[in-house]
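**Q** Next come the chains, spelled out residue by residue.
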Amino acid sequence: MSVELRILRFDPEHDQKPHEERYTVEAGPMERVLDLLHKVKYEQDGTLTFRRSCAHGVCGSDAMLINGRNRLACKIRVDQLGGKKITVAPLPGLPVMKDLVVDMDAFFAKFRSVQPYLQNEGMAPERERRQSAGDRARFDDTTKCILCASCTSSCPSFWAQPDYVGPAAIVNAHRFIFDSRDDAAEERLEILADRDGVWRCRTIFNCTDACPRGIHITQAILEVSSAIVGRRA
Amino acid sequence: MADVTLHKFDAVVIGSGLAGLRAALELSRKYETAVITKVFPTRSHSGAAQGGIAAALANLDDDCWEYHMFDSVKGSDYLGDQDAIEILTREAPDCVYDLEHLGVPFSRTEKGQIAQRMFGGHTLNYGEKAALRACYSADYTGHVLLHTLYEQTIKHNTRFYSEFQALALIIENDVCKGCVAWDIRNGGLHVFHSRVLVMGTGGYGRAFKITSNAHANTGDGLGLVMRHGLPLQDMEFVQFHPTGLWKSGILVTEGARGEGGYLKNKDGERFMQRYTPTLMELAPRDMVSRSMQSEINEGRGFPGGEFGDYIHLDITHLGKEKILEALPQIHDLAFNFAGVDCFKEPIPIQPTAHYAMGGVPTNLLTQVTRDAASTVVPGLYAAGETACVSVHGANRLGTNSLVDLLVFGRRAGRQMALDIRGQDMPVVPEDTMDPVRGEIEAIRGRAKGERKEALRTELADVMMDDAGVYRDAVGLERARTKVAELRERYANVSVDDKGTVFNTDLLEARELGYLLDCAQTMVAACINRKESRGAHSREDYPDRDDVNFLTHSLATRGADGAVELAYKPVTITKFQPKPRVY
Numbered sequence: 000m001s002v003e004l005r006i007l008r009f010d011p012e013h014d015q016k017p018h019e020e021r022y023t024v025e026a027g028p029m030e031r032v033l034d035l036l037h038k039v040k041y042e043q044d045g046t047l048t049f050r051r052s053c054a055h056g057v058c059g060s061d062a063m064l065i066n067g068r069n070r071l072a073c074k075i076r077v078d079q080l081g082g083k084k085i086t087v088a089p090l091p092g093l094p095v096m097k098d099l100v101v102d103m104d105a106f107f108a109k110f111r112s113v114q115p116y117l118q119n120e121g122m123a124p125e126r127e128r129r130q131s132a133g134d135r136a137r138f139d140d141t142t143k144c145i146l147c148a149s150c151t152s153s154c155p156s157f158w159a160q161p162d163y164v165g166p167a168a169i170v171n172a173h174r175f176i177f178d179s180r181d182d183a184a185e186e187r188l189e190i191l192a193d194r195d196g197v198w199r200c201r202t203i204f205n206c207t208d209a210c211p212r213g214i215h216i217t218q219a220i221l222e223v224s225s226a227i228v229g230r231r232a
Numbered sequence: 000m001a002d003v004t005l006h007k008f009d010a011v012v013i014g015s016g017l018a019g020l021r022a023a024l025e026l027s028r029k030y031e032t033a034v035i036t037k038v039f040p041t042r043s044h045s046g047a048a049q050g051g052i053a054a055a056l057a058n059l060d061d062d063c064w065e066y067h068m069f070d071s072v073k074g075s076d077y078l079g080d081q082d083a084i085e086i087l088t089r090e091a092p093d094c095v096y097d098l099e100h101l102g103v104p105f106s107r108t109e110k111g112q113i114a115q116r117m118f119g120g121h122t123l124n125y126g127e128k129a130a131l132r133a134c135y136s137a138d139y140t141g142h143v144l145l146h147t148l149y150e151q152t153i154k155h156n157t158r159f160y161s162e163f164q165a166l167a168l169i170i171e172n173d174v175c176k177g178c179v180a181w182d183i184r185n186g187g188l189h190v191f192h193s194r195v196l197v198m199g200t201g202g203y204g205r206a207f208k209i210t211s212n213a214h215a216n217t218g219d220g221l222g223l224v225m226r227h228g229l230p231l232q233d234m235e236f237v238q239f240h241p242t243g244l245w246k247s248g249i250l251v252t253e254g255a256r257g258e259g260g261y262l263k264n265k266d267g268e269r270f271m272q273r274y275t276p277t278l279m280e281l282a283p284r285d286m287v288s289r290s291m292q293s294e295i296n297e298g299r300g301f302p303g304g305e306f307g308d309y310i311h312l313d314i315t316h317l318g319k320e321k322i323l324e325a326l327p328q329i330h331d332l333a334f335n336f337a338g339v340d341c342f343k344e345p346i347p348i349q350p351t352a353h354y355a356m357g358g359v360p361t362n363l364l365t366q367v368t369r370d371a372a373s374t375v376v377p378g379l380y381a382a383g384e385t386a387c388v389s390v391h392g393a394n395r396l397g398t399n400s401l402v403d404l405l406v407f408g409r410r411a412g413r414q415m416a417l418d419i420r421g422q423d424m425p426v427v428p429e430d431t432m433d434p435v436r437g438e439i440e441a442i443r444g445r446a447k448g449e450r451k452e453a454l455r456t457e458l459a460d461v462m463m464d465d466a467g468v469y470r471d472a473v474g475l476e477r478a479r480t481k482v483a484e485l486r487e488r489y490a491n492v493s494v495d496d497k498g499t500v501f502n503t504d505l506l507e508a509r510e511l512g513y514l515l516d517c518a519q520t521m522v523a524a525c526i527n528r529k530e531s532r533g534a535h536s537r538e539d540y541p542d543r544d545d546v547n548f549l550t551h552s553l554a555t556r557g558a559d560g561a562v563e564l565a566y567k568p569v570t571i572t573k574f575q576p577k578p579r580v581y
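Those protein sequences? They're chains B and L, same order as listed.
The first sequence: position 78 = 77 (numbering that gives the first Met the number 0), numbered continuously.
The second sequence: position 47 = 46 (numbering that gives the first Met the number 0), numbered continuously.
Honestly, I wouldn't trust all of these hints.
[Said to hold, decoys possible] Lysine-lysine pairs mimicking DSSO-like chemistry, simulated, CA-CA at most 30 Å apart:
| hint | chain 1 | residue 1 | chain 2 | residue 2 |
| --- | --- | --- | --- | --- |
| 1 | B | K84 | L | K321 |
| 2 | L | K319 | B | K38 |
| 3 | B | K16 | L | K246 |
| 4 | L | K529 | L | K447 |
| 5 | L | K497 | B | K16 |
[Said to hold, decoys possible] Here are some chain B residues pointing at chain L (derived, C-beta under 8 Å):
| hint | residue |
| --- | --- |
| 6 | S1 |
| 7 | R8 |
| 8 | D44 |
| 9 | L64 |
| 10 | N66 |
| 11 | G67 |
| 12 | M96 |
| 13 | K97 |
| 14 | S112 |
| 15 | L117 |
| 16 | A123 |
| 17 | R128 |
| 18 | Q130 |
[Unchecked claim] A few chain B residues that face chain L, going by a derived Cβ cut-off under 8 Å, partial list only:
| hint | residue |
| --- | --- |
| 19 | P17 |
| 20 | G27 |
| 21 | S52 |
| 22 | V57 |
| 23 | G59 |
| 24 | A108 |
| 25 | M122 |
| 26 | R126 |
| 27 | R129 |
| 28 | S131 |
| 29 | A192 |
| 30 | R194 |
| 31 | W198 |
| 32 | R201 |
| 33 | I203 |
| 34 | F204 |
Please keep in mind that the hints were generated in silico from the structure rather than gathered at the bench.
We put the beta carbon where it would ideally sit given N, CA and C, even for glycine.
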């Protein structure tokens, strides 16, 4: 069938502001939006610019706003989008560099700010550290994050207050705070107890809805908030 | 050089997959280290690895590194260098413990140890029965390894140049002195001076129509090396993974068979019983792919039209609970990309171009070598899929790639840290950039030419059809002629995007050039190897020929543009070649 793509485009070398362009492509129901973007780029207009790499939902390169929701272009299928018109725009709340490519430096800086790496100054054993299957399961959900920014850039609290550390950084803090092998939970909780930390979350659930990995993000944020409260009690 | 930015680093790493990051982590502990990567580090394709990382930890059985070594030698169809395979398998357990200490969230056994599962070709007691050797984290092992190593490089202040594409190595008087790169974000050119430089740039699966590889896997590192007149080793060996999702080629982990999945033809028969009765579906990948292709060629596949016929991977009998616990991502992939509910229905699959066994030749210290005498190129190192050390020989076993990346990535970092001490910071002449700048501007400046997409599609088609699972002289000659034609047409390629900001049109044109380099070399090596060994299966030469071809190929492109082949001996220590039966 014939699908009309309406793509928000911006070329910083020529445009003052973003504008919509329309392209018609032939697409089957099982094709992904990324396939359609490739058709435009390869058959109609090579200047259309977007990031992508693995093309099956694990590298996190091609998050964008599709029919008003943040999704990975390589995962969402034409049949899941219903109609014959599909709108595509860059992730909201992040500076646009060109077309669908956003500047993610500030996003990654927030990720780094929560010390997202295992900290354990104890002597490592000769073999593996033991960890029960239950302790491993405690943070399983938050190990799945692919840093695509779908969550943070869908968060109204982040739109209103760009200094908010955002759901993705909290998810990655959660992954270590609840890892029985890590010793730096206190420091991370201190960082997230800040004015721009977890308290900016208004439990709107946009992040959870947007996550292409199905991570229960709002729940993770609430678990971190509870840990902060518990620590103070 | 007004518009050029100069950098000086003790060590430069090109590529941010597992090999590159592991080397960078080792180097960053002591030296100023830069990582140049065309994608943000966690986007690297190592992250797509699913099933596991091989190491004889013996957490669930009586495994030992000698069994792992034997399996890898036999799996390689005796083309792997046994001194390298011994290092791989002996260092594997320590490497996995090291990863656990760095924070990798492995799945756990009931006792809280690292969980291990079965994988193809991995056995106990020299082939007796399947071994539990693959350490894993559900079915996203590569993802957690990649993220953990990236996290650790943050901790150690590694300097990243993300979304930079390396354009050329700087090699003068046979010494590597750094590289030239291009900032994709703004088009700026950069010269990196280095005392030591390692390539960890992955493979070139995108040269094939059906591939599990990311769009970024375009053989850039191999192209960079061969453009300096250096050889590529064993390029005829490309692994076709048996279980690619039909049409898209997306990987369905071998762990699906490790957990007990079946392969069935259109008659519902578990046909592997006719090919490898002992290991059945858990035979090495080259054999399973060939068996599947034979079933398809003999009319027992499911009809698939223009994307080729397919086979069924059936995991329905494992049950929903087991699938969700051990293979959650597979359920998701089968549903999203094939429209199949794998709790209830079999998954349509076909062989998919997956992994290059060949690559940049190195010695055991990861130093790049330039000839059959293994003369070292000072300052230049390679590790991972880009490199050919050779631990995989003619066919890699599943889960041996992750362990290769980490064992040899770590060895690269350690060796480079030793070698840095004897190397002065090189002085690079000012006109280093000029040839590269000329190449880039020629493509960008060409007002009218051929669209690159046609070339890429024609390349992917011919490589799939004529340099795929089965090969013969007629098909390979057709591929050679086609690739030569495409290389000529490439000189007239133009791009729509003439800008400087995030010009992915230009980036992809550059990548196509590397794919053509890889394809040309691979086809030439295939034509010359008149035998069947591992992943290289010639219908016109169906047998392995140890008299003439128990030898590594070295392919070099001469000044006239033609590929010349030389050969160097295989290192055999513990295990003499035998017929490969499973």
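**Q** Each hint needs a verdict: does it hold in this structure or not?
**A** Status of each hint after checking the structure:
no., hint, result
1, B:K84 - L:K321, "39 Å, violated"
2, L:K319 - B:K38, "37 Å, violated"
3, B:K16 - L:K246, "39 Å, violated"
4, L:K529 - L:K447, "42 Å, violated"
5, L:K497 - B:K16, "19 Å, holds"
6, S1, "20 Å, violated"
7, R8, "12 Å, violated"
8, D44, "6 Å, holds"
9, L64, "18 Å, violated"
10, N66, "17 Å, violated"
11, G67, "20 Å, violated"
12, M96, "6 Å, holds"
13, K97, "4 Å, holds"
14, S112, "11 Å, violated"
15, L117, "3 Å, holds"
16, A123, "4 Å, holds"
17, R128, "6 Å, holds"
18, Q130, "5 Å, holds"
19, P17, "14 Å, violated"
20, G27, "10 Å, violated"
21, S52, "4 Å, holds"
22, V57, "5 Å, holds"
23, G59, "6 Å, holds"
24, A108, "11 Å, violated"
25, M122, "10 Å, violated"
26, R126, "6 Å, holds"
27, R129, "4 Å, holds"
28, S131, "5 Å, holds"
29, A192, "22 Å, violated"
30, R194, "24 Å, violated"
31, W198, "25 Å, violated"
32, R201, "28 Å, violated"
33, I203, "25 Å, violated"
34, F204, "21 Å, violated"
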